[in-house]
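Peer 1: Residue-level listing of the chains:
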Amino acid sequence: MKWTNVKLFAFNFWKNATTPKTFYLLFFIFLLLTAYSAVSGISNYATQNDIRLEHQVKARQSWEANPDKHPHRMAHFGTFAFRTNPILGAFDSGLESFTGNTVFLEAHRQNSVNFSEATFSNGTLRFGELSLALLLQLVLPLILFFIGFSSVAADKQNGTLKMLLSQGATWKEILFGKSLGLFGISMLFFTPILLATIITLFVYGNQTENDFRWLRLVFIVLGYLAFLFVIASVTIIVSTRSNNPKNALLRLLGIWLLMVVLLPKSAQAMGNYWFPTPTKLAFQSAIEKEVTKKGDSHNPDDPHYNKLRDSVLAVHNVSEVTDLPFNYSGFVMREGEKITSTLYKKHYADLINIYRNQNDVTRYSSFINPFTAIKQLSMIMSATDFSSYIDFQKQADDYRYQLAQTMNELQMEYISPKRKSGSEGKVHVVGHEHWEEFPDFAHKPMSFSSSIKQVFPALLSIALWTIVAFVLLVFTSKNAKAV
Amino acid sequence: MIKYKLFLQQCIRSKEVWMSLLLITLLGIVAIIIGSKHLERQEQAIAEVSSYQEQHFDRQVSLHNEDLGLLLYYANFAYINNLDPLAGVSIGQADVNPTVKRITIKTFEAQKFDTDLVNPMNLQSGNLDLSFVIIYLFPLLVIVLTFNAVSEETETGTWRLVAIQAKSKLGFIISKLFIRFLLLLGVLLLLFGIAKTILGIPLNTSFFAMLALSVCYIIFWFTLSFFVINFKKTSGFNALLLLSVWLVLIILLPAGVNAYIASKYPVPEALSTAIAQRDGYHTKWDTDKLATIEKFYKHYPQFKKYGYPTDGFNWLWYYAMQQMGDDDSKSEQDALSKKIKLREQFGTQIAKFIPNIHLQLAFNQLAGTSMSQHMDYLQNTEMFHEKLRLFFYPKIFEGKHANTIDWNQFRPEHYETKTTVNFLKSLLPLVSASIFMILISIPNIRRL
Chain W
25 MKWTNVKLFA
35 FNFWKNATTP
45 KTFYLLFFIF
55 LLLTAYSAVS
65 GISNYATQND
75 IRLEHQVKAR
85 QSWEANPDKH
95 PHRMAHFGTF
105 AFRTNPILGA
115 FDSGLESFTG
125 NTVFLEAHRQ
135 NSVNFSEATF
145 SNGTLRFGEL
155 SLALLLQLVL
165 PLILFFIGFS
175 SVAADKQNGT
185 LKMLLSQGAT
195 WKEILFGKSL
205 GLFGISMLFF
215 TPILLATIIT
225 LFVYGNQTEN
235 DFRWLRLVFI
245 VLGYLAFLFV
255 IASVTIIVST
265 RSNNPKNALL
275 RLLGIWLLMV
285 VLLPKSAQAM
295 GNYWFPTPTK
305 LAFQSAIEKE
315 VTKKGDSHNP
325 DDPHYNKLRD
335 SVLAVHNVSE
345 VTDLPFNYSG
355 FVMREGEKIT
365 STLYKKHYAD
375 LINIYRNQND
385 VTRYSSFINP
395 FTAIKQLSMI
405 MSATDFSSYI
415 DFQKQADDYR
425 YQLAQTMNEL
435 QMEYISPKRK
445 SGSEGKVHVV
455 GHEHWEEFPD
465 FAHKPMSFSS
475 SIKQVFPALL
485 SIALWTIVAF
495 VLLVFTSKNA
505 KAV
Chain F
2 MIKYKLFLQQ
12 CIRSKEVWMS
22 LLLITLLGIV
32 AIIIGSKHLE
42 RQEQAIAEVS
52 SYQEQHFDRQ
62 VSLHNEDLGL
72 LLYYANFAYI
82 NNLDPLAGVS
92 IGQADVNPTV
102 KRITIKTFEA
112 QKFDTDLVNP
122 MNLQSGNLDL
132 SFVIIYLFPL
142 LVIVLTFNAV
152 SEETETGTWR
162 LVAIQAKSKL
172 GFIISKLFIR
182 FLLLLGVLLL
192 LFGIAKTILG
202 IPLNTSFFAM
212 LALSVCYIIF
222 WFTLSFFVIN
232 FKKTSGFNAL
242 LLLSVWLVLI
252 ILLPAGVNAY
262 IASKYPVPEA
272 LSTAIAQRDG
282 YHTKWDTDKL
292 ATIEKFYKHY
302 PQFKKYGYPT
312 DGFNWLWYYA
322 MQQMGDDDSK
332 SEQDALSKKI
342 KLREQFGTQI
352 AKFIPNIHLQ
362 LAFNQLAGTS
372 MSQHMDYLQN
382 TEMFHEKLRL
392 FFYPKIFEGK
402 HANTIDWNQF
412 RPEHYETKTT
422 VNFLKSLLPL
432 VSASIFMILI
442 SIPNIRRL
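Line by line, the protein sequences give chains W and F.
Start counting the first sequence at 25; every next residue gets the next number (the working numbering).
Start counting the second sequence at 2; every next residue gets the next number (the working numbering).
No lab work stands behind these hints, which were simulated from the structure alone.
Not one of these hints is a red herring.
If we take Cβ atoms under 8 angstroms as the criterion, some of the chain F residues that face chain W in the derived model are:
1. Q45
2. G93
3. D115
4. N120
5. G127
6. G237
7. P255
8. A256
9. N259
10. A260
11. P269
12. I276
13. D287
14. I341
For clarity, every value in this text was computed on a predicted model and none was experimentally measured.
Every residue, glycine too, gets a C-beta built ideally from N, C-alpha and C.
So here's chain F without its partners, still in its complex pose (with noise of 0.2 angstroms):
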């Protein structure tokens, strides 16, 4: 015990590691207030869309009581995704994609990828949330505690004095990153702490796997410097060759793979789908109308009693051709997503071999930030279309009046997003390699 008292007293009389403790502190609890600025700003676009919505259908209702097509041609209905309050910790995609969506009945892919009003600048620079702290600065951190760790001893004389009084230099040696570790431990406890008080997370398992994720990634760090020091070069040499690696893996690495990804799997499936979508709708003005309405019985076979009304405008035949901006443009919108997809699946693939992107990921994921979870969204935005569809399209073709319609029970319907704690896979790639570390140190310990 009083050797472990003796190393934390080695260890913090440095001016350097308060400074970096208290400094790294101060950056994560800003973090978590930007993080929890971002929660606010979704609860206020709530707010802000929930009573729109109350005066939107009493005012749609007014103006076109006796033409439902018409009302329905401008009615919007939001959507929401509900954010996890661990988004706070880790924003993710959230920034970029949007939350809080509104739809009408209308074509629903030409409404899926509208944007929210983003600032691309503060999009580039990217958030400042903890998860940024944890996955840039803390290894920063390590680095700072742990280069000098053996270096100081022999650069001061003192290793020979630990060679021979130590009953093993290994285990010294571990000790000492023992008692680091446990230090930035608690730093990560600590703003884990103001974190789940700030943003009101709940003690649930993702709460938790978050945390594993972490600490292992920190273990991770220690492992690569414990590879290092134990070559037992000067304290510069340790310094430049760890914050070599830090460069390489967290800034070269990440940015080539994204170099990669945006050149080897381009979008184009994107703009067609819009093009598909486009045509798919607005040719059907010129087109024979039974073959549209046809067309679209063969969709929804359960509304051919409303007939075939050829007769200039009238709202079946319109809405049928917006359904068919749906329908036409089926081949697109599988390619996209299928691109989509692949582009997830390299993603992911290349994540396990490089654990910062694997951890951004795994938050993301724990946080119901990614972009397969914003996929999951937009899907159940279009099961939330066609439900409204359904609802409205026979009275649209009835000629009811919107006055029939029970217009209270359009409230801004709620995703919760599904978010699957699997820790074995998710803690798999960070232990592997800190395990990797450990046994590629193995020469150097025997040479100790």
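So here's chain W without its partners, still in its complex pose (with noise of 0.2 angstroms):
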């Protein structure tokens, strides 16, 4: 194989293609895509994290507006955590209108995190959602298969095949050329959305933050530009295996069909028919039957908490709760956090193995269908995913644990001992200033390491097609025929 002789081949694939007007059309067409993508993608990227930074700071000015009260009022007075949209979900939107963006945290329960772009959705959004991704997804692998299908069974049916080989060219210069020359027109389509990228990356979000979005951008462009180069190899090799242009059209639709709308689809709702969530009633209630069993704070005659109590009196040396030298209501409490905390992490832990369970079909699919990998491989380093999702809703968790907790500690600390139950009143309680020294919760971004984790399948699918698209062009010079 000369190179030069390949070079020849994708310079004119170039130009043939670069030729016709229709060809500027298109790529017209595109570069309005793109531009109406990129903007809607950062406008909605900028109001919607303006929308939850704004009510992160009204949640938190009314916490700290609590006058002094009793930690446990304050335990329920609870907070807000609004999810922050990742700065390269301006490119990839993944998840985000799928994922609640708002969860309400206080003392005993773990509630929903609601308000998703689909919940106030009339069920258009199904059709998908416009963004600089699904052009790179779903369009630009058409337009390739438009403008190469023809690349080589037209020469076959022209008879200009044979009089290249019969001059010295061979059927690997041909394809490699003609592999070359399409992945270089992709090129001329995925410029524009890299630097539009690029731009946001630079303008927008958050600079100082510890977000690694310049080493995740590097992630997903060599993604892309694997996933473009299979695309462009397996125009190629279809337009050589089949005898007329027309023939290498359709079954490249069909694969388009196949991989971009039938199989995604299929192996979700496979995920789901083998792995059945469970109902919420069902969730909450294994948890709570498991809370009765090991110990419930609100039964005055629970063995466990009575056992506690014993042990409590004993060690410090007094009869009743309340000599002790702190408040056992806030001690209670605090032990009854650490259960059912335990109980629910547990659950819930099962609970998101079920979805992970669910998703690792659509995921491990990505060994047969490379659009699913650089679907996957793009949510996942633009950190719209379902990993970043998750991580989520552990930091606001985790945050509601310390704030329930830290009000605890507060009651046992400076409640008098003598206050057996009950929050309401102004005699039993904490100075406000402490409700200021508690930190606001902030969604720190996903981390780098953990993205890294996530995405090992789907760069690994797309490494493994890369291979794949070398061989079968290979092997399909090897037994191609002129005619």
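Could you fit the two chains together into a complex? Lean on the hints.
Peer 2: Listed below in structure tokens is the structure:
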């Protein structure tokens, strides 16, 4: 295989493809789509984050505005955690629209994360949402198919191919040349999107935040480069294996339909079928049951708490809880929170495992579907994937736990041991300066190392697909027929 | 008659046609099974909630018989949005919105938007239900069956024969398309028949409206294809053009509309309401008790007889505070529902011009799985909540014991979604889109 010949074929392909006026029309439409997606992506990112930050501040202000009061009241006053969008969400919105963004954090209760875009949508949302990533994953492959479907098949039909081969060109040179040519054309479409993304990263979002945005972008770019190379080679390979352009086009469109629409949907449906999600009631009552078994702090005759009381009394050598050096009710609530949180966490982890099992069908389908591979990679590296959402939930719940326990400890320390129960009134209170001391919730961006762990299968499969594309090009060049 | 028989033979002798018809039938059946799974899941949830509720009250009464106020702090009551069997055809928003809600008599706004357990990946990928098969895949089948209906004649050289022998060239093309339409209609009817049996759909107007909508939708795609193939370009060109139209209509336009709605109509009101209801209730722990109770009596003058207990903690004051969570966040709630309506209106306006969006929304409406119907359900949940409050408030304020109440009357309550079938309004956008396609085909027909 001579490199100069490959280059020759690549440039020739590029020239042929970019000559017709329709190409410029197509390119122009794509640019318009790019501009529209970039603007709506950025504006959505900016408005959503403004809204959430503004409300985070509002919620905090009313938290700090609380007067001196009983800390348990503060534990129920609670606060909100608002999920902030990662900057790369402007490029790939991923699951953004389907994940809630607000959760109320209070003692004893793990509330649901509410108000996703999907809850306020009329059902059109299932058609998808335009983003720069969607253009790259769905539209650009189709454009490449349209540009490249006839590249070899037409040469075959009109006899050009025979001439080329008889003049000393090899199949390998032709196929690699044309693939590179088509790949080059894909760069023409890729560059504006990349530029838009780079500008977004420079201009928007908190620059000082340690979100590894550039490193993430590097992975995204490498992923898409590999993906586009795979698409370009597949186009050329299918074109070579078809005896006329029409067949080549139909096959390519069939591939697109299967891999973009049918396979991903079926994969997720299968996951959902094999690993059914429990109902909310079943989930909650399972926890409830275990809590009651372990110790119900609301039950005055609960053996667990009676035993606890007796041992605490014994240690401090007193006979009444009111004689203890700390507020016993705060102590009980601290214990109760510990028990319920641990149990909740356990059950919640099981639930997440069910979700993960459901999603794994999709995740591992990327080994048979490069479109899924790039979708996963792009979403994970943009931090808009499932695990980023779970990460937010975890942060919010950890904060909730901290809040509840801090308030319980304040109660133990500052509320008179004589006050057995109740949190009403202005007598047994804690100074309001403590409310400010407890830091506000801040959603930390998904750590880069966890993203890398998540992305591994998708990364591996993209790499494998690139190798498969090479091998197929070589294999096809050995078996190809000129007529 | 013999003409149609020959047309049919010509159409189905190709292997691809058979394959695609078979494939869509299979996918349709899978979709119906997925739909029935969804219905089953709700049935299971209803069964669970019914058996739970009985034990739940027994336990609560045994724990807090003497303290009804405390009991109702914990007690929750199920309110169920019964899914219509048609929801198995068009799951719509019934996956993201909970259909079984359990509420306490405390602040309603704090519970209104609580979500079910959902995997966001499932939501994003969307349901592979029959509505998906009809909206996404039937148009593709129309394209596969028709893109070369004229061009195959020109490409194999038979068009000239047709031109000489056929009475009317237009009649020839129309009969050719008609036979293909009948074929697809057969598949559609078969799938609706299967759906009817598996999902147990009654033969009511909603069912026939759905069928009529689907038929009109398929007709629209036939007219669109009719328009394209009359240009008498090559088969490849037709396929390319038709598929591009499919891509634009079914993927790009809706995706663009969604991105537009998301950035044009964000919903900060939801977050403001959440904070307002929290503050509305919780700040009352520190403010004047008398003021809170007076405000409560302004809302419910009938309870004035229970007086103004302001000494220490008491349940009247407590539930008055809880009530304030709802009452004091009224303006935020109104702003939120206004915004939701605005989004909905915009969506329906746009849908009139995009047949597939229109069909999806019309399907959801008929199946009772649309957003507006969910909002209706939430509104009725609020009324259910109010009913509970009015029942329990006096009993709590009087300090009644829990065992004086007949708890058996509190079985899970069911809500039936109202669906309105307006044939004219729902079919009009599809019919006018088809007529539009035929009208713009006229210049080409003349040149046949």
